[in-house]
Amino acid sequence: MKTVEEIKAAIEAAVPGAGVEIVVNPSVSGQHSLRLATSHAVEVARFLRDDAELALDFLSNVTGIDWPDKEITEKVKVTRQVSKTVEGVEKTVDEIVEETRKRLEPGCLEAVYHLYSVAEMHGPVIFRMRTVDRTDNVELPSLTPVWRSAEFQEREVFDLYGIIFTGHPDLRRLLMWAAFKDHPMRKDYREPDDFEYEPTAHDEVLKRAQEHQAAIAPQETGAGQ
Amino acid sequence: MAVDGQLKIELGKQGIFVTTIEELYNWGRRNSIWPMQFGLACCAIEMIATTMARYDLARFGAEVFRPSPRQADLMIVSGTVTKKMAPQVVRLYNQMAEPKYVIAMGACAISGGPFKQGYNVLKGIDRYIPVDVHIPGCPPRPEALIQAFMTLQKKIDGQPLTGEDRPRHLDAGAQGEFPVPVQGEHDLEPAHNSDVWTVPVVIR
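Protein chains in written order, with my numbering: chain A, 1 to 225; chain B, 1001 to 1204.
Keep in mind that the hints were calculated from the coordinates and are not lab data.
You can take every hint at face value.
Simulated crosslink set (SDA-like; lysine to any residue; CA at most 20 Å straight-line): (1) B/K1116 / A/D194; (2) A/K181 / B/G1118; (3) B/K1116 / A/E211; (4) B/K1116 / A/L206; (5) B/K1084 / A/A179; (6) A/K187 / B/Y1119; (7) A/K207 / B/P1200.
Going by beta-carbon spacing under 10 Å, a handful of chain B positions derived as facing chain A: (8) K1083; (9) P1087; (10) G1118; (11) V1182; (12) Q1183; (13) G1184.
We put the beta carbon where it would ideally sit given N, CA and C, even for glycine.
Chain B with its partners taken away, still in its complex shape (with noise of 0.2 Å):
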């Protein structure tokens, strides 16, 4: 049963403090999100910026980066994904601990970006892997990626605990690893997961 927040506050006052499971699980996820020290290209000379002093990523509980990826809740994918390399981050990002979040940080990841009718670099990174936070820009400012954090944050604390829309970690019956594609003759094959990836329909 949620809590009015009017009646929260009012109780606040009278020294009485009430949460819900749901909220202090969440709580405590949003403000410990545990990047994976990890970065392919320019993007992630912002993101080692926005980690540092000027920027403070620390400000929002995210300044542990782990060198390892089962210690590591975010993937932050910084950078040109080329398809010599996309089953590597397919891989490690299957190799994360549930919950796991994924931003696809400045143009090359989430699309390709200048390299995207080159030969050899794949045209976003959620055509593999699902992608919680699409950052645009080449590269994004540290104030872009903070944005993302903030984003990513609101929907993590946004995520029911039971139901239909419950995270992945909380669904016995959900996919957790994704398949990782193998490098053909002429490309990456398949050339996306269709589990994650379906072809966008485009207005004009």
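With the rest of the complex left out, here is chain A (with noise of 0.2 Å):
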């Protein structure tokens, strides 16, 4: 099969202005992917299905992966002009002073797809795409019209994580039910308060129970009186 590189090149000789990028995979496994622009994405998985050397036919899975809202602390090195009395005589000297510096990169929500080829017997190829930011702009171009198998899982990608995919010819929740509001894989997902009762309760459920006490205790008390 063609490296990712390779498959870079062939995309972008066949759909123009593709914007096609390779996320490294620095693991022993080295499963390089590809991030597809929004944009073009169809085109581009038109072309990964069609193309007669890759014949991707098979799409395996779509999973979501939610990137949240990250503060980056960083040192950097700046270079400062500092008064000094040196020898008795007062001067500006340049210094070099370590500086931290916190910056917000802007969180994301991804769909990862997985190809292979029933016809060419190889795979996978993985590919994904980004959303502009995890609140307003969740959407994604749907890749059913291209892989029929696409329906259910971008149905359940948009159920848990939210990412909307235009185009799609049936988005409804999958596994949750429709009146319900939240996306659970998303990290900062919070499970509805029903702790109630934990008799072996630890970590993050401890925690939580404890809250739950914490807020009945008062009412409890109240009703007592």
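Both chains are given apart, each in its own frame, so use the hints to dock them into the complex.
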């Protein structure tokens, strides 16, 4: 099978301006993936499926990743002009000072697709797409028109991560009920407070159970009076 | 008036059969419990095994699995009750005619089991409907289900027809229908039925 670099070159030759990036996997498996720009994703997907050499006719898996907003603290060396008294004479001297800077890296949602070729018996080819942010611009193009097997899996990603797949024929929740508002697989999801009875609580559950007890304790004493 | 056990045996030797309405009634009921044909997860496989030739639930008069709640006496909640499924389980229970009984089979049905800390699994079906027998296990073996059956039979046998402890179907004022939880924006509403389930006190 072609390497990711070759696939990237093939995509760029077939779909001009596709905007493909390689995401390197530094682990032993070395399973590198491609990040597609959302604007050309459907054309690229069609190419991957229809290309005679790649013939990626089988979409095995669609999953999501939640990248929350990340505060990055980094130390930067900055040159500053500091006035100093050197040998009795006051001078301005350039001095290198270490400064801690904090910046906020905005989060996003990502969909990951695993492709195989049944005809050519190779794979997987992995590609990803990212939304603009996690709150308002969470649309990604649906690839259900290209691979029919994406239908349920994109619905699952929509259900659990909240990515809206535009062009999906039937985008409803798959696992949770229709009135449900949250997306349980997001990092900031908080389970509803039903920790009233936890006989063997530990760690996070113990914390939630104690919070629950603390919240109901004043009501109980109030009712008893 | 209860018949003395020893006297009964003596009378039996003389060819006289003495019984009470209560005994006869409960004997009939306990030996023809018809379960509902209804499985939720892997525990259902064990339930099916229990009914088959090797374990043969028919010995207990409970081989007739009914496909309709209206013909069933017993609901075996065999498997994980998800929050999406819980309203349907309660609705099925409501559709069963009295007298009706519930066996909660396996870790998931009694407490949520390995999925207890998940976002989508109910922490025990006893939060919404009264459960008569709980069986632990993941999944419980068929022997455990048979044990639960025998426990239930003992319970039915011990139910008096009159007085405070009489079963629900003989009590005109008893509640026979249980509120179906609504699927809300974050969780089932209410999170449990306070008439059926109160927070157990943990004694350490």
